[in-house]
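Asks: Chains as they are written, first to last, in my numbering: chain G, 1 to 75; chain B, 1 to 130.
One should not assume that every hint holds.
[What the hints assert, rightly or not] Here are the simulated EDC-like cross-link-like pairs (lysine to aspartate or glutamate), alpha carbons at most 20 Å apart as the crow flies:
# : chain 1 : residue 1 : chain 2 : residue 2
1 : B       : K84       : B       : E63
2 : B       : K71       : G       : E71
3 : B       : K57       : B       : D27
4 : B       : K84       : B       : E70
5 : B       : K18       : G       : E71
6 : B       : K71       : B       : D27
[Claimed, not checked] A few chain G residues that face chain B, going by a derived Cβ cut-off under 8 Å, partial list only:
#  : residue
7  : E53
8  : R54
9  : G58
10 : M59
11 : R66
12 : I69
13 : I70
14 : A73
Hints in this document: simulated from the structure, not taken from any laboratory. C-beta atoms are modelled at their ideal positions from N, C-alpha and C, and glycine is treated no differently.
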Amino acid sequence: MHARTPGGRNVIQYKARKPSRPHCSGCGTLLHGMKAMLSRALSAIPKTNKRPERPYGGMLCSSCMRRTIIEQARQ
Amino acid sequence: MIDVGRICVKIAGRDAGKKCVVVDVIDDNYVLIDGETRRRKSNILHIEPLDQSADIKKGASHETVAKAVEKLGWQLHAPKTKPKTVKPRHARRSKLAQAPAPVAEKKPAVKKPAVTETPAKKAAPAEKKA
């Protein structure tokens, strides 16, 4: 909500709040290559534009992804 | 640790998590890999070596890598060779116009028994009532 004064009078103008940016579920850092948009805007763009094209892309950051894959490989 | 034939897991990029075999050691930093991944140059830091190793020579082709890897018990993605399914092609409309003769013959053949049965059923209760 924002109160602004156009033409000398006070008017309340509502702004859509931006959604929070996606974080890594492992370490909590901001994820790269992810879009933070309203869901209706997200549905309009292809999946490959919304997340990195790799396993756990969009869930884990690259370093956490590497760690999990190495752990899986060593088992 | 990293030598020709060593089986590794790629840990970076879009091929991350896929198994590969070291086909050639290019220099201190780079190797040529092949397998589930594409055949490509890769940084040593981007692959995780496993304890297995395949019996291949330096610069082996993709087919020999696939065979060597089968002995170790895992299969590469076979090239997609689906058996061709014969789909009925859309006939031209001019041909379709000529075709309906057999369709017309079938329909009455299905209907006729139905027609003959229904009067029989109707007739039966009528008889019971009587």
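Asks: Now tell me if each hint is right for this structure.
Replies: Hint by hint, here is what the structure shows:
Our distance criterion of 20 Å between C-alpha atoms is broken by K84(B) and E63(B), whose separation comes to about 24 Å. Distance restraint check for K71(B) and E71(G): the Cα-Cα separation of roughly 25 Å exceeds the 20 Å cut-off, and the hinted pair is therefore not satisfied. Our distance criterion of 20 Å between C-alpha atoms is met by K57(B) and D27(B), whose separation comes to about 17 Å. For a cut-off of 20 Å, the pair hint linking K84(B) to E70(B) is broken: about 26 Å separates their Cα positions.
This hinted pair checks out: K18(B) and E71(G) have alpha carbons roughly 14 Å apart, not beyond 20 Å. Pair hint K71(B) plus D27(B) does not hold up; C-alpha atoms about 28 Å apart against a cutoff of 20 Å. Because the beta carbon of E53(G) sits about 5 Å from the nearest beta carbon in chain B, less than 8 Å, this interface hint is met. For R54(G), the suggested interface contact is upheld, since its CB lies about 5 Å from the closest CB of chain B, less than 8 Å.
Taken as an interface hint, G58(G) does not check out: its beta carbon lies about 13 Å from the nearest beta carbon of chain B, beyond 8 Å. Given hint, M59(G) at the interface with chain B, is violated; its Cβ is 13 Å from that chain's nearest Cβ, farther than 8 Å. Evaluation of the R66(G) hint against chain B yields a held restraint, the C-beta minimum of about 5 Å falling below 8 Å. Interface hint status for I69(G): upheld, as the beta-carbon distance to the closest one in chain B is roughly 5 Å, under 8 Å.
The criterion of a C-beta within 8 Å of any C-beta in chain B is met by I70(G), whose closest approach is roughly 5 Å, and the hint holds. Hint on A73(G) holds. Least Cβ distance to chain B is approximately 4 Å, under the 8 Å limit.
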